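Engineer: Each chain, written out:
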Amino acid sequence: MTGLMTGVLVAGAVMLVVASALLLVRLVVGPTILDRSMALDVLVSVTVCAVALYAAQSDETFVLPVLLVLAGLGFVGSVAVARYASGADDVEAEREESS
Amino acid sequence: MSDPTWTSWDWTTVADVIAAVLLLTGCFFALVASIGVLRLPDLLSRMHAATKPQVLGLMLVVAGLGLRLREPWALGVLVLIVALQMATSVVASHMVGRAAFRAGQVREDLLVVDELSGREGLAGQREEPRGAP
Chain A
43 MTGLMTGVLV AGAVMLVVAS ALLLVRLVVG PTILDRSMAL DVLVSVTVCA VALYAAQSDE
103 TFVLPVLLVL AGLGFVGSVA VARYASGADD VEAEREESS
Chain B
-18 MSDPTWTSWD WTTVADVIAA VLLLTGCFFA LVASIGVLRL PDLLSRMHAA TKPQVLGLML
42 VVAGLGLRLR EPWALGVLVL IVALQMATSV VASHMVGRAA FRAGQVREDL LVVDELSGRE
102 GLAGQREEPR GAP
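Those sequence lines, one after another, are chains A and B. Numbering-wise (the working numbering), the first sequence opens with residue 43 and increments by one. Numbering-wise (the working numbering), the second sequence opens with residue -18 and increments by one.
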């Protein structure tokens, strides 16, 4: 069954790499900080998927706490950015740039 | 199934095949969502696309991983991961959406229904106390 799981790892890794590249484009393009934080949140989810793929292929269980920490970390990052972006000073400049 | 190769399969193989299908479906959801995040026009519709890998894709991948590992304590940790993600991603999405709306970064021409801007206290100015959620 290692052959099947290696094929799944390669196929899933290709999809996740393409997904990460598209998310990085959104992360760079912006246009606001909330877009960037949301793209970063999705990127953390993609990382969770990648680590789970590795665990499924190698049958290792020591990465499960990593998954747990990553699932909690995305939440903290999003909430912190959203909390401080609501009072940001550069909102007007970002608005004119996006329109 | 009359195919003789099926009789030689045991439940371990069946669980591995189901796990492979679930893992690939979860990765496919991540790919589709990132295309949506790149192409959709404004923040709220991008968040709509971003929710899929965060909840559904993660559930599929974690279910596939649980079918592959087949250990009781690993199943407990995986259930904890899904519960944590389902509890926190809605709160994070709510805060990001409210922050975007309050900062005026939502495109009004794309909204079908806007029930928030007519509310008392939000009508003239979009200023709220700093502690508001």
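Hints listed in this document are in silico derivations from the structure and should not be mistaken for laboratory results. Incorrect hints may have been included.
[Unchecked claim] With a straight-line Cα cutoff of 20 Å, these simulated SDA-like cross-link-like pairs (lysine to any residue) come out: (1) B:K33 x A:L46; (2) B:K33 x A:T48; (3) B:K33 x A:V60; (4) B:K33 x A:E102; (5) B:K33 x A:Q99; (6) B:K33 x B:V60; (7) B:K33 x B:W54; (8) B:K33 x A:A63; (9) B:K33 x A:G49; (10) B:K33 x A:R125; (11) B:K33 x A:T103; (12) B:K33 x A:L69.
[What the hints assert, rightly or not] Stretch-level coverage of chain A by chain B, calculated; a stretch enters the list once three of its residues show a Cβ under 8 Å from a Cβ in chain B: (13) 58 to 71; (14) 74 to 88; (15) 92 to 101; (16) 115 to 122.
[What the hints assert, rightly or not] Negatives, chain B to chain A, calculated, CB over 10 Å: (17) W(-8); (18) L24; (19) V94; (20) E96.
These numbers were taken from a predicted model, which means no experiment stands behind them. Here a beta-carbon is modelled for each residue, glycine too, at the ideal position from N, C-alpha and C.
Engineer: For every hint, state whether the structure bears it out.
Structural biologist: To see whether the hints hold, each was checked on the structure:
no.	hint	result
1	B:K33 x A:L46	violated (26 Å)
2	B:K33 x A:T48	violated (25 Å)
3	B:K33 x A:V60	holds (16 Å)
4	B:K33 x A:E102	violated (27 Å)
5	B:K33 x A:Q99	violated (24 Å)
6	B:K33 x B:V60	holds (18 Å)
7	B:K33 x B:W54	violated (27 Å)
8	B:K33 x A:A63	holds (18 Å)
9	B:K33 x A:G49	violated (24 Å)
10	B:K33 x A:R125	violated (23 Å)
11	B:K33 x A:T103	violated (26 Å)
12	B:K33 x A:L69	holds (18 Å)
13	58 to 71	holds (count 8)
14	74 to 88	holds (count 10)
15	92 to 101	holds (count 5)
16	115 to 122	holds (count 4)
17	W(-8)	holds (12 Å)
18	L24	violated (6 Å)
19	V94	holds (21 Å)
20	E96	holds (19 Å)
Checked against the numbered hints above, the structure breaks hints 1, 2, 4, 5, 7, 9, 10, 11, 18 and satisfies the rest.
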